[in-house]
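Each chain is listed here by its residues.
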Amino acid sequence: MRETANQFINTGWDVTVVTIAQESWELDSGIDLTLLEQVDPRVKVVELPLSREDLETDIRLFDEERALNPAKWVTELRKRQAKTFPEASFGEWREVLEQAALDIHREHPADLLLASCVPYVNLAAAWRLWEEARVPYAVDFRDGWSIDVIDGTEAFSKDSELGRWEQKILDNAVSLWVVNDPIAEHYRARYPDFADRVRVVRNGYDADSSPGHAHKPDLAAGLTFGYLGTVNFTATHLETVLDAWRAAREREPLLANARFEVRGHIGNGAGRGATRHAEILKEAEADGVRFGGPASKAEVAEIYARWDAMVLILIGGRFVTSGKVYEYMATGLPIVSAHVVEHDASNVLRGHPLWTGAVGLDVEAMTEAFVRAAHLAIDTSDEAHAEAMAHADQYTRESLMTVAVRELVDRLAADKPERVSVEGASALPEKSIVTGGPAS
Amino acid sequence: MTDVLFIATKRPQLGIFTDSLVKFRDRGAKVYLAGTFKMASVAEDLIRAELDGVHQLPRNLNKRSSAMRRKAKKSPTGMRVWMQSQRDRWLRQQARTAHVIVALDPGAVYTVWRLAQYNTTAEAHFGLAPALRAVDRIAGGPIRPTALPPVAAVAQDVRRSISGLPAAMMRTATSRPVMRSTVGARLWRSAVTAPGMPGTVRATASRYVAEGMEEAGRISGAAIALSSAAAKIPDPELKAQLLHESAMTEVSKGISPRDLVKAVDGHLAHADDQFAKGLHESASVSLYRALSLGFHRVLHIDQLSSPLAKDAEAFVAPLRKSAAYRAVAQPRGRKTPPKSPPSDRPLRLLVTTSTNANFLQHILARYGDHPGVELRFLDLAAQKPLKRIAWAAPQMLEDRLSGGTSEYQRDVERLMRPHLDWADTVFVDWSVGPASMLTTIDPGDTRIVVRLHSYEAFTRWPHMTDFSRVDDLVFVAPHVQQLVTSLVPQLREASAPRMHVLDNAMDLEGFRRPKSADARFTLGLIGISQVAKDPRWAVDVLKRLREHDDRYRLLLVGNDMNPKTSKATADYLTLLQRELKPLEASGAVIRTGPTDDVPAALTDIGVILSSSVREGCHVGLMEGAASAAAPVVRDWPFYAGKPHSARTLYPEGWVVDSPEEAAQRILDITATEESWREACEQASEHAVGTWDWSVVQKRFDDLFLG
Numbered sequence: 001m002r003e004t005a006n007q008f009i010n011t012g013w014d015v016t017v018v019t020i021a022q023e024s025w026e027l028d029s030g031i032d033l034t035l036l037e038q039v040d041p042r043v044k045v046v047e048l049p050l051s052r053e054d055l056e057t058d059i060r061l062f063d064e065e066r067a068l069n070p071a072k073w074v075t076e077l078r079k080r081q082a083k084t085f086p087e088a089s090f091g092e093w094r095e096v097l098e099q100a101a102l103d104i105h106r107e108h109p110a111d112l113l114l115a116s117c118v119p120y121v122n123l124a125a126a127w128r129l130w131e132e133a134r135v136p137y138a139v140d141f142r143d144g145w146s147i148d149v150i151d152g153t154e155a156f157s158k159d160s161e162l163g164r165w166e167q168k169i170l171d172n173a174v175s176l177w178v179v180n181d182p183i184a185e186h187y188r189a190r191y192p193d194f195a196d197r198v199r200v201v202r203n204g205y206d207a208d209s210s211p212g213h214a215h216k217p218d219l220a221a222g223l224t225f226g227y228l229g230t231v232n233f234t235a236t237h238l239e240t241v242l243d244a245w246r247a248a249r250e251r252e253p254l255l256a257n258a259r260f261e262v263r264g265h266i267g268n269g270a271g272r273g274a275t276r277h278a279e280i281l282k283e284a285e286a287d288g289v290r291f292g293g294p295a296s297k298a299e300v301a302e303i304y305a306r307w308d309a310m311v312l313i314l315i316g317g318r319f320v321t322s323g324k325v326y327e328y329m330a331t332g333l334p335i336v337s338a339h340v341v342e343h344d345a346s347n348v349l350r351g352h353p354l355w356t357g358a359v360g361l362d363v364e365a366m367t368e369a370f371v372r373a374a375h376l377a378i379d380t381s382d383e384a385h386a387e388a389m390a391h392a393d394q395y396t397r398e399s400l401m402t403v404a405v406r407e408l409v410d411r412l413a414a415d416k417p418e419r420v421s422v423e424g425a426s427a428l429p430e431k432s433i434v435t436g437g438p439a440s
Numbered sequence: 001m002t003d004v005l006f007i008a009t010k011r012p013q014l015g016i017f018t019d020s021l022v023k024f025r026d027r028g029a030k031v032y033l034a035g036t037f038k039m040a041s042v043a044e045d046l047i048r049a050e051l052d053g054v055h056q057l058p059r060n061l062n063k064r065s066s067a068m069r070r071k072a073k074k075s076p077t078g079m080r081v082w083m084q085s086q087r088d089r090w091l092r093q094q095a096r097t098a099h100v101i102v103a104l105d106p107g108a109v110y111t112v113w114r115l116a117q118y119n120t121t122a123e124a125h126f127g128l129a130p131a132l133r134a135v136d137r138i139a140g141g142p143i144r145p146t147a148l149p150p151v152a153a154v155a156q157d158v159r160r161s162i163s164g165l166p167a168a169m170m171r172t173a174t175s176r177p178v179m180r181s182t183v184g185a186r187l188w189r190s191a192v193t194a195p196g197m198p199g200t201v202r203a204t205a206s207r208y209v210a211e212g213m214e215e216a217g218r219i220s221g222a223a224i225a226l227s228s229a230a231a232k233i234p235d236p237e238l239k240a241q242l243l244h245e246s247a248m249t250e251v252s253k254g255i256s257p258r259d260l261v262k263a264v265d266g267h268l269a270h271a272d273d274q275f276a277k278g279l280h281e282s283a284s285v286s287l288y289r290a291l292s293l294g295f296h297r298v299l300h301i302d303q304l305s306s307p308l309a310k311d312a313e314a315f316v317a318p319l320r321k322s323a324a325y326r327a328v329a330q331p332r333g334r335k336t337p338p339k340s341p342p343s344d345r346p347l348r349l350l351v352t353t354s355t356n357a358n359f360l361q362h363i364l365a366r367y368g369d370h371p372g373v374e375l376r377f378l379d380l381a382a383q384k385p386l387k388r389i390a391w392a393a394p395q396m397l398e399d400r401l402s403g404g405t406s407e408y409q410r411d412v413e414r415l416m417r418p419h420l421d422w423a424d425t426v427f428v429d430w431s432v433g434p435a436s437m438l439t440t441i442d443p444g445d446t447r448i449v450v451r452l453h454s455y456e457a458f459t460r461w462p463h464m465t466d467f468s469r470v471d472d473l474v475f476v477a478p479h480v481q482q483l484v485t486s487l488v489p490q491l492r493e494a495s496a497p498r499m500h501v502l503d504n505a506m507d508l509e510g511f512r513r514p515k516s517a518d519a520r521f522t523l524g525l526i527g528i529s530q531v532a533k534d535p536r537w538a539v540d541v542l543k544r545l546r547e548h549d550d551r552y553r554l555l556l557v558g559n560d561m562n563p564k565t566s567k568a569t570a571d572y573l574t575l576l577q578r579e580l581k582p583l584e585a586s587g588a589v590i591r592t593g594p595t596d597d598v599p600a601a602l603t604d605i606g607v608i609l610s611s612s613v614r615e616g617c618h619v620g621l622m623e624g625a626a627s628a629a630a631p632v633v634r635d636w637p638f639y640a641g642k643p644h645s646a647r648t649l650y651p652e653g654w655v656v657d658s659p660e661e662a663a664q665r666i667l668d669i670t671a672t673e674e675s676w677r678e679a680c681e682q683a684s685e686h687a688v689g690t691w692d693w694s695v696v697q698k699r700f701d702d703l704f705l706g
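For the record, the sequence lines run as chains A and B.
The numbering of the first sequence is full-length UniProt numbering, which starts it at 1 and goes up by one.
The numbering of the second sequence is full-length UniProt numbering, which starts it at 1 and goes up by one.
The reader is advised that the hints may include incorrect statements.
[As the list claims (entries may be wrong)] Straight-line distance between alpha carbons at most 25 Å, and here's what the computed DSS-like set of lysine-lysine pairs gives:
no.	chain 1	residue 1	chain 2	residue 2
1	B	262	B	698
2	A	282	B	23
3	B	564	B	387
4	B	698	B	642
5	A	324	A	216
6	A	282	B	30
7	B	321	B	253
8	A	216	A	79
9	A	216	A	297
10	B	310	B	262
11	B	38	B	71
12	B	23	B	71
13	B	642	A	72
14	B	23	A	297
15	B	10	B	23
16	B	71	B	543
17	B	262	A	282
18	A	158	A	83
19	A	72	B	74
20	A	72	B	543
21	A	168	A	416
22	A	72	B	23
23	B	253	A	282
24	B	63	B	10
[Claimed, not checked] Below, a sample of chain A positions facing chain B; criterion: calculated Cβ distance under 10 Å:
no.	residue
25	60
26	68
27	150
28	152
29	263
30	264
31	273
Hints listed in this document are in silico derivations from the structure and should not be mistaken for laboratory results.
Just so you know, these numbers come straight off a predicted model, no measurement behind them.
All C-beta atoms, glycine included, are put in the ideal place defined by N, C-alpha and C.
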């Protein structure tokens, strides 16, 4: 979203980003304020007083019913929230989001609204502005809505309430962005009339996150493997990875004094930093495992520079790509995959010279992958590292978003005669855009 | 230094928890953990965590009442945890001073929620990360006020919110944890007196506050909240109602209300207001409440002291200031004087009571078989219509206020006139409801005799009886006459009846039986079913004696007190039983329970005690003395030091001031077999010679037959 906003600015648009208050992000898994530093100062940010009530941890704000049975209360809350808009935890944001969109448009008429999901309730604001002011909108679904990217199944039918919302939204959307081809294929197949407006916009990586140079391992100090990202996989998944790690350390002398560093957010709300995962990592300290907590954007390049190999732990399968894979590639370090074989990350990594391959979630195979990565880490020449980094060049976020924004603007322009006839919108230069979602 | 209190209901992720504690300590926090999970099994981990305090909370409710366990079964986990933990002293202490209280799992959230209401300045959070942020905030400066907001601000909220807030929310804001805290209680008490609040809102608020305080065990606080709010309410009815609730809050817990006078005054003010407007029914209701409250048994009967006994005239002074009460107490007299006893036929004597005929047996026996008397006995309680009118206090009051024009007047006339027409003399035993009822109507030429024992002096009934329609008022002892006369103004006026002191009718001859061998060292107390008997005083005497000689023991004869009578009675009984337990176990005290054969019970008793705080005439003592047990009488505190008291009723030497003096007297008397027997004989002679029915009946003959 940050890059999207910046690219619209670069294209000459006025951009207003609608998001929620910073402290509300704190309630979730946390916030990296350093990311805001990279937002073009010309982007106007509107913070709405919205927060996820289900994640509230201040017990003084609880009523007695909630205090008595927090889980049941949250279940009931989610049911209530879904009455306003069919999305648990966020549904009740609808009215405030709609009003914000209308207010912003009234003050400074918008030519395009880009709704970034999740949450999907952002779509309600896009729809309202479309209904009331015929402001064109595009949708950035990232992982898609009607597809369950983890299981690879349909998330809801076309005739469900959610299905009707998605249909209605896409019927009138200028364009739909998704992160990979499998998701795009799902949408093209589901909405054939809309197929030509579905666009794959990969997550990519920030060039400044890459260490930018080849890495020299310090064998005496021990190799360091690393994982950087939100810990969103299951505890079992993590245990499998750590079992393989332990086995590899026992088997491979190069790994005897190796470390495995995990950085990122664990849990949210009351469970923030204190989930079963955190405990598993803590228990694995004797095996050289260390959980270092979240890393700010500014630290990322420096962290990667200290590491000798990457461990790519990913959920889902062929519909999931994840932004991590691009960043990992850009480090030019060996990559151990800890995800199912049929995963979109495999498609992205294919051809990467320091990738140990997709071996699935098998402990023995993964153990071998760790061993191989250890050898790759010390045996790889500077040239090979450089080649590996170059493999990622095509995925810098800036380059991906530049193209995506240009295409969207072009699409809007192509639609213009038709829309002008309805609305009489102003000329494209000096356009205004309202986007939803996080300011990152 | 920031104190952080963690509460967990299941074992926390100890690795993470330990790591997190380092962060808390790095920020200068002291960390404490209380858990309902089994802490012993992770004791070593907890030691490694280097907490500043670890505490095992009760793990279940096994030691609590079955009612509580049943309630817990139906409650959600959070409530169960709270029920287990709420009485834990360590937890309460830590929670009072903690700056951050943290629930580590969902089950602990409710307990933290409750504790946070107790400690109103502490941060309360769910989870480690939010707790750490709270510690940072505290270190960064006072975000949350360190003191409670100004009372005016709270009052503002109260005003704004009470009418709009659901009851549940008000109950939460005034809940037990809040009220248990001194600051919370004071704050709310002040809030309900803030200016500018409509009366009904103030009343509602104060009731919530009182309810919360009562649940928190702040009984007097609850009463103060209600009476403070009442003081700011102009509407006399609402004000009186709140003051009444205030007083009853304490009364229901066996406590003499601190604002009793205000509460009584409140009702009287409203009664006067209504009376002035001619609204007799509502005036009578208020007056009835004033009398019921002022003469509540908890204040006078079920306690070891009474404000009425301390200063009788001052106690009834508020009544005399009330126009409505003065109207009730106005003597209406009788149109014709009672006729003289007939000379041509036997005297028609109607003896009446309502249920309690305990002291009538000898009288009924004598005049039932007396050639000069035609006797009828009427138990008013045996006939529903009569029972109804005999105790209908509000209707009596309304009738008095309405000048005898009420439906009640007609009912009494209809139901009692035939009895009055038949009788030459009506003897009403006990000066309670029936006496008040009967004096509602003019008795014609029938003579009315009322006997007042002692208990009635502490009730409202003498204040509702028109003694100008009573010809003779019989007391059982001079000190009772003295008290009642100072209480009831009518008895000091010209219209007052003739007053007599006649001892109770007792057959004492039958009590003279040989004593058992160890009677000399056996103290006895006959009748222990009322708080006023104060058996603990007797126990004190026994203990002192046993310090000298462990042959002394105490026999308690009669029914135990009924704890259901009142909270005050239940409280006394608890203390008594606690005291008796070891003494009974050692055989020093024997409780015989009730008996139909008191003379037989007395054969084992060598020293008869009167430990009461008040008595009319202590029948049990008199019987004991007659049986040749040496009497030792406490100078009944209700009357001690007054012109008439136990000291003037009984021979010199029987009465003592203190348990020490009692013990000494008993030691002296029982020092030898001879000295004991001598004292016993003298006592028996005096008792039989003074109080036996053979002596007393002559005085009754004089009363009835002239």
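Practice item. Enumerate the violated hints, using their earlier numbering and listing them in ascending order. Key: Numbers 1, 4, 7, 8, 12, 13, 16, 17, 20, 22, 23, 27, 28, 29, 30 - these are the hints that the structure violates, sorted from lowest upward.
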